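Protein chains: 2
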Amino acid sequence: MRLFIDAMGGDLAPEAPVLGSVEALRNDPALEIILAGDLAQIEPFLADAADVRNRITLLSAPEVITNHESPVMGVRTKKESATVKGMLALRDGEADGFVSAGSTGAVLAGGMFRLGRIPGVERPAIAPLLPNGKGHFLLIDCGANVDCKPDYLVQFGVMGDAYMKGVVGIENPRVGLVNIGAEAEKGNALVKETYPKMEKAPYNFVGNVEARDITADQADVIVCDGFSGNLILKFMEGLAGTLMGIIKGEMMADTRGKIAGLIGKPAFRRVKKIMDYTEVGGAPLLGVNGAVVKAHGSSNAHAFACAITQVKKMIDGKVVDIIAKGIAEQTANAAE
Amino acid sequence: MRLFIDAMGGDLAPEAPVLGSVEALRNDPALEIILAGDLAQIEPFLADAADVRNRITLLSAPEVITNHESPVMGVRTKKESATVKGMLALRDGEADGFVSAGSTGAVLAGGMFRLGRIPGVERPAIAPLLPNGKGHFLLIDCGANVDCKPDYLVQFGVMGDAYMKGVVGIENPRVGLVNIGAEAEKGNALVKETYPKMEKAPYNFVGNVEARDITADQADVIVCDGFSGNLILKFMEGLAGTLMGIIKGEMMADTRGKIAGLIGKPAFRRVKKIMDYTEVGGAPLLGVNGAVVKAHGSSNAHAFACAITQVKKMIDGKVVDIIAKGIAEQTANAAE
Numbered sequence: 000m001r002l003f004i005d006a007m008g009g010d011l012a013p014e015a016p017v018l019g020s021v022e023a024l025r026n027d028p029a030l031e032i033i034l035a036g037d038l039a040q041i042e043p044f045l046a047d048a049a050d051v052r053n054r055i056t057l058l059s060a061p062e063v064i065t066n067h068e069s070p071v072m073g074v075r076t077k078k079e080s081a082t083v084k085g086m087l088a089l090r091d092g093e094a095d096g097f098v099s100a101g102s103t104g105a106v107l108a109g110g111m112f113r114l115g116r117i118p119g120v121e122r123p124a125i126a127p128l129l130p131n132g133k134g135h136f137l138l139i140d141c142g143a144n145v146d147c148k149p150d151y152l153v154q155f156g157v158m159g160d161a162y163m164k165g166v167v168g169i170e171n172p173r174v175g176l177v178n179i180g181a182e183a184e185k186g187n188a189l190v191k192e193t194y195p196k197m198e199k200a201p202y203n204f205v206g207n208v209e210a211r212d213i214t215a216d217q218a219d220v221i222v223c224d225g226f227s228g229n230l231i232l233k234f235m236e237g238l239a240g241t242l243m244g245i246i247k248g249e250m251m252a253d254t255r256g257k258i259a260g261l262i263g264k265p266a267f268r269r270v271k272k273i274m275d276y277t278e279v280g281g282a283p284l285l286g287v288n289g290a291v292v293k294a295h296g297s298s299n300a301h302a303f304a305c306a307i308t309q310v311k312k313m314i315d316g317k318v319v320d321i322i323a324k325g326i327a328e329q330t331a332n333a334a335e
Numbered sequence: 000m001r002l003f004i005d006a007m008g009g010d011l012a013p014e015a016p017v018l019g020s021v022e023a024l025r026n027d028p029a030l031e032i033i034l035a036g037d038l039a040q041i042e043p044f045l046a047d048a049a050d051v052r053n054r055i056t057l058l059s060a061p062e063v064i065t066n067h068e069s070p071v072m073g074v075r076t077k078k079e080s081a082t083v084k085g086m087l088a089l090r091d092g093e094a095d096g097f098v099s100a101g102s103t104g105a106v107l108a109g110g111m112f113r114l115g116r117i118p119g120v121e122r123p124a125i126a127p128l129l130p131n132g133k134g135h136f137l138l139i140d141c142g143a144n145v146d147c148k149p150d151y152l153v154q155f156g157v158m159g160d161a162y163m164k165g166v167v168g169i170e171n172p173r174v175g176l177v178n179i180g181a182e183a184e185k186g187n188a189l190v191k192e193t194y195p196k197m198e199k200a201p202y203n204f205v206g207n208v209e210a211r212d213i214t215a216d217q218a219d220v221i222v223c224d225g226f227s228g229n230l231i232l233k234f235m236e237g238l239a240g241t242l243m244g245i246i247k248g249e250m251m252a253d254t255r256g257k258i259a260g261l262i263g264k265p266a267f268r269r270v271k272k273i274m275d276y277t278e279v280g281g282a283p284l285l286g287v288n289g290a291v292v293k294a295h296g297s298s299n300a301h302a303f304a305c306a307i308t309q310v311k312k313m314i315d316g317k318v319v320d321i322i323a324k325g326i327a328e329q330t331a332n333a334a335e
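Chains U and P, in that order, give the protein sequences.
Per numbering that gives the first Met the number 0, the first sequence starts with residue 0, numbered consecutively.
Per numbering that gives the first Met the number 0, the second sequence starts with residue 0, numbered consecutively.
Worth flagging that the hints you see were computed from the coordinates, not collected in a lab.
Since the structure is predicted, the reported quantities are computational estimates derived from the model, not experimental observations.
Among these hints, one or two may not hold up.
Just so you know, same-sequence chains aren't split out, so a pair can sit in one copy or run between any two.
[What the hints assert, rightly or not] Lysine-lysine pairs mimicking DSS-like chemistry, simulated, CA-CA at most 30 angstroms apart:
hint, residue 1, residue 2
1, 317, 199
2, 247, 324
3, 247, 133
4, 78, 185
5, 196, 317
6, 247, 264
7, 271, 312
8, 196, 324
9, 148, 185
10, 148, 191
11, 271, 233
12, 264, 199
Work out the full structure, taking the sequences as your base and the hints as a guide.
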């Protein structure tokens, strides 16, 4: 298996992507990696990687598409960027998967316009796995599509279903629709129109999931428009931080609390680990014609290695093929 | 001051609204209350309230608009409901404020069609005060308007600004717009169109607030469409519960954790109190031509008494007048 790694994306690049790649290569002797970026910046971090160096191909890609420019323009003009080169390598079969911790917009635009969509897919979507205390659920879409049509959401269900089958190994994933009530007639215009279409879709649709139940293990795939999904994802991050801050503040407020905090440290550390979704790796870009994972922008080397593990699982689990099959069935159903 | 109380609304009615009213009357010797509902069910709970009985007027309102019927139809047909009678009493000056823990839809429909809107207001909104660790922010709208136009959101800012000035006493409330990025050009079609209009609105607009910062005290009033607001409100409830469950589970998993849990109990109790937004009372319905508070459906007597305190503050703080003035200014600005 050969993966294409954007060495220049993310807050800690190139160190984290390069050292993460080395970690992944050490974990898997069958893996090969193409490291793309500014070679002068990459090479120093390979000084201690002689043991895996023969499985690394360095590729010069000096341009970077940043978070501060138009992703579509970036993908169009920066042909020497790792994102553009990686997507073309995937398209042409020179790589089996792609990982970047860089601009989400650039990964999305590169996926859309350089790699291309799976036939029949209206809109690719970004879909992180998030913790719910009992395991994980896939939240799709998380920001690729801020204004959605009902058919996009129906297809997000197909893509999420495929991911949970292929990567997580759930036989018949429960697919739910984010809504403000449990009843079919609830919601805004978008979800009201989406609901009956999802009932006919080729997956295990379990109906609406109220926001209070998103982390209550009511569905394996939770579908929403990208604006709502981004709200949920970011709010989860912010609220967990606020709540942990309140707990810390109250425990430090008196001696009893301070002692409890000291004694309870291992338990709190486990809680933090459960809530830390960077452990999972990153978020797959589903619907494009290849295995693409967007690692968290703040990924360190280990988190980046986890994202590499994730893209490997997508390839092994044939997620792209399962989506293609599901979309063909869904579009045939919808045309009836 | 005379308040109209729906004694039949909420999960714990009539006990909670009746005993909550008695608590409020004991706290404030100047208060008078109209208790409306099924009198045979109400009277037993007044057995121990001889000390305030002379300030209670009982009003027969045997019909109840439930959560399981169309609110608009309910308000149209159930003329003998406390909601309809209360809204008419407000309209006709027979009461100064209204509190119900019943169907949110019924309170909203009653407010719209029986009480009426403040002149110039496009859509009333539901706006709870939520904790952020440092204090509270007002989230507007939380479900009254699931499909919004930009002008609704601009006006939600006016209404939230008025509430924070009149009730919470903040001189120049910071008004933020919920978005998926901090930059003005981010977001879905709705917020992109709303942003420049908010810049011209007669309040202290502080720009976009990303979901991760909603509980980070970046704004006193946080504006969004009712679908997003309901997501945020309910997700906050659900996630806080999930997180506390994970913490509890991890602490019970070993002896150290169990001991820490015991010693830390007072601190955990304080955390729970901070996060418990029912302490605040309920959510005001802003934009209608009177002081209306929707208490949480699960309110107990004390929570109901808090909701009564809240409606009193709305009346004392002249929130309706401030909104009317703000809306006049905003619509004049917009027409320029």
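Taking the hints in turn, this is what the structure says about them:
no.	hint	verdict
1	317 / 199	within (24 angstroms within a copy, 52 angstroms between copies)
2	247 / 324	neither (49 angstroms within a copy, 43 angstroms between copies)
3	247 / 133	both (24 angstroms within a copy, 13 angstroms between copies)
4	78 / 185	between (46 angstroms within a copy, 25 angstroms between copies)
5	196 / 317	within (26 angstroms within a copy, 48 angstroms between copies)
6	247 / 264	both (11 angstroms within a copy, 13 angstroms between copies)
7	271 / 312	within (25 angstroms within a copy, 40 angstroms between copies)
8	196 / 324	within (18 angstroms within a copy, 46 angstroms between copies)
9	148 / 185	both (17 angstroms within a copy, 19 angstroms between copies)
10	148 / 191	both (11 angstroms within a copy, 18 angstroms between copies)
11	271 / 233	both (17 angstroms within a copy, 23 angstroms between copies)
12	264 / 199	neither (49 angstroms within a copy, 50 angstroms between copies)
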